[in-house]
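One line per chain: the protein sequences are V and D, in this order.
Each residue of the first sequence is one higher than the one before, starting from 271 at the first, in the numbering used here.
Each residue of the second sequence is one higher than the one before, starting from 21 at the first, in the numbering used here.
I should point out that these hints are in silico values taken from the structure, not numbers from a laboratory.
Remember, it's a predicted structure, so these values are computed and weren't measured experimentally.
Where hints are given, some of them may not hold.
[What the hints assert, rightly or not] Calculated pairs, DSS-like style, for lysine-lysine (alpha carbon to alpha carbon, straight line, at most 30 Å):
#	chain 1	residue 1	chain 2	residue 2
1	V	K386	D	K76
2	V	K555	V	K543
3	D	K110	V	K386
4	D	K76	V	K418
5	V	K296	V	K648
[Unchecked claim] Not the full set, but computed from the structure, chain D residues with beta-carbon under 10 Å of chain V:
#	residue
6	E40
7	Y43
8	C65
9	L72
10	K76
11	G180
12	T186
13	S208
14	A214
15	T216
16	L218
17	Q219
18	A223
All C-beta atoms, glycine included, are put in the ideal place defined by N, C-alpha and C.
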Amino acid sequence: AVVSTQSTGVNLGQGFPDFPPPQFLKEAWSDAVNVPSAHWNTRGQGYPRLVTALSDMYSPEFARQIDPMTEIMTSVGAYEALYAALTAFTDPGDEVILIEPHFDSYSVVVEVCGGKPVYVPLKPEGDPNNANNWVLDKAEFEGAFSSKTKLLVVNTPHNPIGKLFTAEEMEFIATTCQKHDVLIISDEVYERCVFPGHDHHRIANVPGAWDRTITVGSAGKSFSMTGYKLGWAVGPQPLISTLQAVHQTAVYSAPTILQEVIARCVEREIQLKGKEDAYHTQLPKIMEEGCSQIISACKDAGLGVVEPFGGYFILVDTSPLGLEFDTSQVEYDVQCVHWLTEHKKLAGIPLSLFFGKNKHISEKYIRLCFAKSEQTLKAGGDIIRDILK
Amino acid sequence: LFNRNIDPMTEVMTAVGAYEAIYAAITAFINEGDEAVVIEPHFDCYAGDMELSGGKLVRVPLRPSGDGKYAKNWTLDKQEFEAAFNERTKLLITTTPHNPVGKIFSREELEYIGSVCKKHNVIILSDEVYERVVFDDNEHARIGSLPGMWERTLTIGSAGKTFSVTGWKIGWALGPANLISQLQHVSSCSTFTAPTLLQEAVAGAFEYERGVAQTDEAYFKWLPGKLQQNCQMLADAFSDIGCTPVWPDGGYFMLVDTANMGWDFTELNTGRCYDVDCVKWLTREFKLATIPISVFYGDQNRHLAAKYIRVCCAKSDETIEKACQIIRSLKK
Numbered sequence: 271a272v273v274s275t276q277s278t279g280v281n282l283g284q285g286f287p288d289f290p291p292p293q294f295l296k297e298a299w300s301d302a303v304n305v306p307s308a309h310w311n312t313r314g315q316g317y318p319r320l321v322t323a324l325s326d327m328y329s330p331e332f333a334r335q336i337d338p339m340t341e342i343m344t345s346v347g348a349y350e351a352l353y354a355a356l357t358a359f360t361d362p363g364d365e366v367i368l369i370e371p372h373f374d375s376y377s378v379v380v381e382v383c384g385g386k387p388v389y390v391p392l393k394p395e396g397d398p399n400n401a402n403n404w405v406l407d408k409a410e411f412e413g414a415f416s417s418k419t420k421l422l423v424v425n426t427p428h429n430p431i432g433k434l435f436t437a438e439e440m441e442f443i444a445t446t447c448q449k450h451d452v453l454i455i456s457d458e459v460y461e462r463c464v465f466p467g468h469d470h471h472r473i474a475n476v477p478g479a480w481d482r483t484i485t486v487g488s489a490g491k492s493f494s495m496t497g498y499k500l501g502w503a504v505g506p507q508p509l510i511s512t513l514q515a516v517h518q519t520a521v522y523s524a525p526t527i528l529q530e531v532i533a534r535c536v537e538r539e540i541q542l543k544g545k546e547d548a549y550h551t552q553l554p555k556i557m558e559e560g561c562s563q564i565i566s567a568c569k570d571a572g573l574g575v576v577e578p579f580g581g582y583f584i585l586v587d588t589s590p591l592g593l594e595f596d597t598s599q600v601e602y603d604v605q606c607v608h609w610l611t612e613h614k615k616l617a618g619i620p621l622s623l624f625f626g627k628n629k630h631i632s633e634k635y636i637r638l639c640f641a642k643s644e645q646t647l648k649a650g651g652d653i654i655r656d657i658l659k
Numbered sequence: 021l022f023n024r025n026i027d028p029m030t031e032v033m034t035a036v037g038a039y040e041a042i043y044a045a046i047t048a049f050i051n052e053g054d055e056a057v058v059i060e061p062h063f064d065c066y067a068g069d070m071e072l073s074g075g076k077l078v079r080v081p082l083r084p085s086g087d088g089k090y091a092k093n094w095t096l097d098k099q100e101f102e103a104a105f106n107e108r109t110k111l112l113i114t115t116t117p118h119n120p121v122g123k124i125f126s127r128e129e130l131e132y133i134g135s136v137c138k139k140h141n142v143i144i145l146s147d148e149v150y151e152r153v154v155f156d157d158n159e160h161a162r163i164g165s166l167p168g169m170w171e172r173t174l175t176i177g178s179a180g181k182t183f184s185v186t187g188w189k190i191g192w193a194l195g196p197a198n199l200i201s202q203l204q205h206v207s208s209c210s211t212f213t214a215p216t217l218l219q220e221a222v223a224g225a226f227e228y229e230r231g232v233a234q235t236d237e238a239y240f241k242w243l244p245g246k247l248q249q250n251c252q253m254l255a256d257a258f259s260d261i262g263c264t265p266v267w268p269d270g271g272y273f274m275l276v277d278t279a280n281m282g283w284d285f286t287e288l289n290t291g292r293c294y295d296v297d298c299v300k301w302l303t304r305e306f307k308l309a310t311i312p313i314s315v316f317y318g319d320q321n322r323h324l325a326a327k328y329i330r331v332c333c334a335k336s337d338e339t340i341e342k343a344c345q346i347i348r349s350l351k352k
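Please take these sequences and the hints and turn them into a complete structure.
See the structure below:
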């Protein structure tokens, strides 16, 4: 992150869109400013208009009537919902299974709570250039559970690989968790960034899994304004009320005015569902288009890619660059990212940073973000095409 | 205001409300078994934060003195205060302007508090969210600006209270880099950042205020004037019926002593403190919502709350007028 922010080149590193927010969002904002109660304190567990809208949006997707007042909690970004969930249930000595590579905050929070992350890797089976071929080894996964296992975190669409977990994979994971009576945190922040023609499977929808699953979502990722820091958790009341206890101690509530704005955006999506104008119809296409631009540039440059099916990111295999580094102290991909930033003014993120244990799997992959403006994607594409010169 | 050049990149941290800054501070410095001294009655979130960190709150009360009509006469007993500190004490939590009493600690009082904290090498968490609401010609003295205090003080501020947008949840902590960085570690785990757009808006508001400072356009001039006016109206209404308002130095709140009214709820047999029953009765029978102050105390000193209730003066003209009407209709 330090190197990325210091560079003046093209930043395909951190996962934030650098294009302006959609027009309807700006309109929602100017309307919200004129709602007096939007500037006042609100219900800690979530602004009524927003939790109602979220319930209306999610109930059909979870095939159940989700109670807006007890089964939803809004938070300061999905980040804070994840913090609340991990903090609520991780006691010192508890083990938490993390499927790696994983978003970095999971292990940090687990360790802050005195818990122990237990890593199970996704590894390519067959063609590594297809994100959905990165899978769990079932025996290795089952072997990771012990009497101390409290929680498991699963992330789909997956950051950084771009994999979409299949219905079968979700069922396998849920069944194993049920067998060991383990709670599931399902990070689904990229749920609206699933490429057209592909499916998003929710582990909470596996029969019997709802009662043990907290599903986390993000307005930032759903509406391309990650600086808003508004997210939520959805799940059964006993779990949500425990998250609420942490949330009300840490922040008490997310900003009211942002919740008013997002409520309007969610209502709009419900109204336009399935139509061309719906942002959730457009966003998958925008993401796929950005991704294909990066893939095309990489292929022209002779670089390998792990083709994703959702999310914000793509893994690029940098071995064709033929770079040589002394890897006795620092991983290859970390040095590669430094080299690319310094010599080519292109920022990415080394894959090994996402591993707690199995860093060797990361080899020569770096992660690039394609959720960027046309200008950034073009500039990035140009650099990539010239990279071997 | 602190007589120093505060480094914006290392000595300031924005947070999701002063609430989150306080959470970050307590979480950063309190481990299992650590103690924090707090002056009570106190804002309730301190207790929740301490509990989550496994720490223990040691409460030292403010006691009313003199004729009981002025918040500034609620004081600490020095012996009691000093006895609260021991080798496990990590933090001292102070609030000025004070919620719920409405007292603004004087420079001398803060110097004394600071000297005790220095003696015991304790970090000071100074909750100053109501810093812009100062009545009469009182001075809001900042403990972080006193000689030798900057290095051990975290000063907490709030955009919500400063600009009357409490739903925005933007706050901050100021202090030396070595302390602020510890808060930053906690915050980077829990929220990572506060919403960018709201920070942009608050920055704009501060820049506007700087441009109109000391003029009649300044919100920082209007706000205390308006709230003092509201407070005066409520105080007059309560005085008219025979209650004793405790005139605040500043802040959002005023305590009202209802002892003279002779209200008695013992027959209701609820088992609750007088003020809780009183507040329920006022809400139910008269549609006037207030807050009982015994909830701001630990069990030991709850009795000091006697017959006080807390009213909030940061309300619209309409609300204040309606409230005064209801108050004037109350009888002994």
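D:G180 as chain V interface residue, shortest Cβ-Cβ below 10 Å: holds (8 Å)
Closest C-beta approach of D:Q219 to chain V relative to 10 Å, hint status: holds (9 Å)
Satisfaction of hint between V:K386 and D:K110, Cα-Cα up to 30 Å: holds (28 Å)
Given hint D:L72 near chain V, where the shortest CB pair must fall under 10 Å: For D:L72, the interface hint holds, since the closest Cβ of chain V sits about 5 Å away, which is under 10 Å.
Restraint check, 10 Å cut-off on beta carbons, for D:A223 near chain V: For D:A223, the interface hint is violated, since the closest Cβ of chain V sits about 14 Å away, which is over 10 Å.
Per-residue hint verdict: D:L218, partner chain V, C-beta under 10 Å: This hint holds: D:L218 lies near chain V, its Cβ roughly 6 Å from the closest one there, short of 10 Å.
When the least beta-carbon distance from D:S208 to chain V is tested against 10 Å, hint result: Constraint on D:S208 satisfied, holds at 8 Å.
Interface hint compliance - D:Y43 to chain V, C-beta minimum distance less than 10 Å: holds (5 Å)
Given hint D:K76 near chain V, where the shortest CB pair must fall under 10 Å: violated (16 Å)
Supplied contact hint for D:E40, tested at 10 Å Cβ to chain V: With a minimum Cβ separation of about 5 Å from chain V (threshold 10 Å), the hint on D:E40 holds.
Restraint outcome when D:T186 is required to lie within 10 Å of chain V by C-beta distance: holds (5 Å)
Interface hint for D:A214, Cβ within 10 Å of any Cβ on chain V: Given a least distance of 7 Å, the restraint on D:A214 holds.
Violated hints, listed in ascending order, are 10 and 18; each of the other numbered hints is respected by the structure.
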